[in-house]
Amino acid sequence: MFIILILYLVLAFALFLIPTKLSKFNSLLIALFHLCLFTFFMTHLPDVTAGKSIDISYQWIPQLGLNLVLKLDGLSIVFVLLITFIGFLVFIYANTYMKSYTGTTKFFFYLTLFSGAMLGLVLSADFIQLFMFWELTSVLSFLLISYFNENEQARKAAFQSLFVTGFGGLCLFVAIILIGSIVDSYSLTDWMEKAHIIKEDSRYLPALILVLIGIFTKSAQFPFHFWLLGAMQAPTPVSAFLHSATMVKAGIFLLARLYPVLGGTPEWTQIVPLFGALTMLTGSYLAITQIDIKLILAYTTISALGVLVLLLGMDTKQSVKAAMVFLFVHAFYKSALFMLAGFITKQTGTRSVDKIGGLIQSSPMSFVIAMIALFSMAGLPPMLGFIGKELIYEAKFDSPWLSTVLLIIGVTSNIFMVTIAFLFLFEVFLGKAKGGTKKPPGLYKYLLISPGILALLSLGFGLFPDLLTQLVGPALNIIRSDDVQIKLKLWHGLNQVFFLSVFTVIAGISLFIIIYRHQQIIKVWQRVNNRLFSINFTKVFSTGLDKFIAFSRKNTHLIQHGYNRYYIITIIAFTSILLVFQLYFTRGWEIESAFTLQPFYISGLVFIIMLSVLMSVLSKNSLFTIVAMAVTGYGISLIYLYYSAVDLAITQIIIETLMVVMFVLLLRRLPKFVKLSSRNTKIRDALIALGFGLIMTVLALKAIHVDFNPSISDYFVQNSALKAYGKNVVNVILVDFRALDTLGEITVLSIAALGVFTLLNVKKTKK
Amino acid sequence: MEILLSALTGLLYAGGVYLILRRSILKFIIGIIFMSNATNLLVFLSAGIVPGQPAFVDDTMKDAELMADPLPQALVLTAIVIGFGIVVFTIALKYKFFKTTSTDDQDQLTNTDA
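Sequence lines, in order, name chains A and X.
First residue of the first sequence? That's 1 in our numbering, and the numbers climb one at a time after it.
First residue of the second sequence? That's 1 in our numbering, and the numbers climb one at a time after it.
Don't read these hints as lab results, they were simulated from the structure.
Glycine included, C-beta positions come from ideal geometry on N, C-alpha and C.
There's no promise every hint is true.
Simulated restraints on C-beta separations [to be verified]:
no., chain 1, residue 1, chain 2, residue 2, range
1, A, 600, X, 102, 46 to 52 Å
2, X, 102, A, 624, 47 to 53 Å
3, A, 681, X, 102, 42 to 48 Å
4, A, 549, X, 99, 36 to 42 Å
5, A, 539, X, 102, 23 to 29 Å
6, X, 99, A, 624, 52 to 58 Å
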């Protein structure tokens, strides 16, 4: 299975090598690849159905406990088959869809990589590895949303989605590390074995909340749902693949994967359904008043994701079963609808419902497909959606917690779904044709192949639901880790669930008739909605971000102001404080040396140096400053001379002389000192300088009693004459014992000389 | 004498810091020189000062206790030379800077392109 992931990578990069003439078959090639994969995984289905799981692991960094582990079990195979199959259809679809755009190789490159990353994600059985694939899908989603990158809205939407999912990804990462620190492993098997330890640990709740933030951002749950609306800026194949069938389901997958590890606790059954129900209702309610067909589908996707989260959170056998079935239901009808939306847009040149109508005349085929898909969405028999909805109702009846409330919310949301389905069907396909829709689809008829297949599946699985049992059963066993017998059927008999369904359909259709008859209602409704839900999440997000950036900029300006001397003041002040603490805590304040002026010629010399320092600092004449500086330097060299440092004295004298010569040469070309600083600044600087000087004095006094490691000096002294045949130990150290250091020093000097040479030469060539 | 020399070191540091905080670049360079002198003195002092006993040896005399410690001297010698390199380079830079901008004021340096 590793080979498959590597093949994805190779294939993605190979796209760039395909000659331009053949590049129009790129998409079909990848579609074929997906079909092969689908068949390959199908051959493993019997094994997996029998309860086996195929594990492949590879040691990556065993020292850190990081391994690459792939696991094909009942749960992952469901997602793997969905990804490869829908991938197959999407690539066929994209072949026609993307024809009119340039840079399609890049597009298919991203989409192929995404497909591989998604496959890696659902196959991962190690959570660090899972996280990496998780992030990869976020990044690729960003790149795909911003595919039309000359469009500013697309760029903004892409950034927004990356920001939200990236934030969620970080939360997830922290959660993984938290749980990893409880069980000391990142492998799924260990986590499942030690699930009871994890649930009892105090880190459980924070980890759960962080995991849920990760899942909710990825699966567009309220209040993170807004990025999915922006993501509709992406080309339609991307919406059909990433933002309805696969990437947004990654959160659902993780929720199901972690169910045996984190699920079943009161926290889980309270938090998860709450957000699921909220999302379900918001999505379906807001979908009704949308005009943009892709946005309608986006809102219903959000609603469907809410349903999935709700079901997985409810923690009953029924609900998990319903979730797994609904996963297929939704993937089939929503991808089909997105692809149809792409077809409609290509055909009519608009995405606005108001401007589309009577498509049935120009393309009856698309009407049939749309009808099947929309009926599945509405949950009408004999579609698969009907079975899904029945199961959901059943699950809600059995729910131990707040079943009435959930039922009401669920039924309301489904009524809206029915209304939306009919509205969509009637507004777009029936009624009067508005604008240039008469012409037959032409080349675009190929766009109907993939949604057609999906619609057929919606119908086929609805009529023969037993086929799905094979797929759903093993997944259930993995999630619930007990044997769940499932039997799917279209006809459940006359029970309360059936009556509820009938009620839903009748209410939905009546609502539709009211809206359709009186078009102004929807306008009023839109206005009311705009008033009621005036919080525009996208706007809140972007203003929040702008404010944050402005805040950081202000702070940065405060610290990074660009004034060299304030940086220096900061450094000096901070160093002073550190030194005071260090001296105080480690050495104390007592001074061990006695004060003496003997020998007097040295103390006299010291006083002269001090005077010249003051002179140099305070003088307003630059020549005096330099002369005073020279006096200081020569004075110091005399001190060296007296205290047995002959070589130092010689060096200091030579260098001081050179420096004075240079300064004087330079001085002729420089202006006189001008008064630049105010009195207050000078006083402030003087205080800082004196404070620092005082601390350095104390440090110097303390430093006298710090012993350098004597054995080094002793070694030099004892071996200087014996081994290096030199009598001046300092010289021997420099040119013999530490000759390489001296070489480094010479190098520094050469580089400085080279720098000076270059600096002075540039001027000449410029003139 | 240690106290007096330490005070001198402190004063050199104070003068160096004060000059470094000036807007004039010439003063800034002199500040660097003072600080490097001060640091040299600090290292030199830290080994303890011994008058009139340079670290000269011949085959007979091997008592390291009586002599000045050669190690800090070697370190300081390197530091003096490197400090000189830095100062020369800064002066050249300063010269070039003045030629290009005709000012000695750091605060006039607001552009990256002259």
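Next on the checklist: Of the numbered hints stated earlier in the document, which are not met by this structure?
Outcome noted: 2, 3, 5, 6
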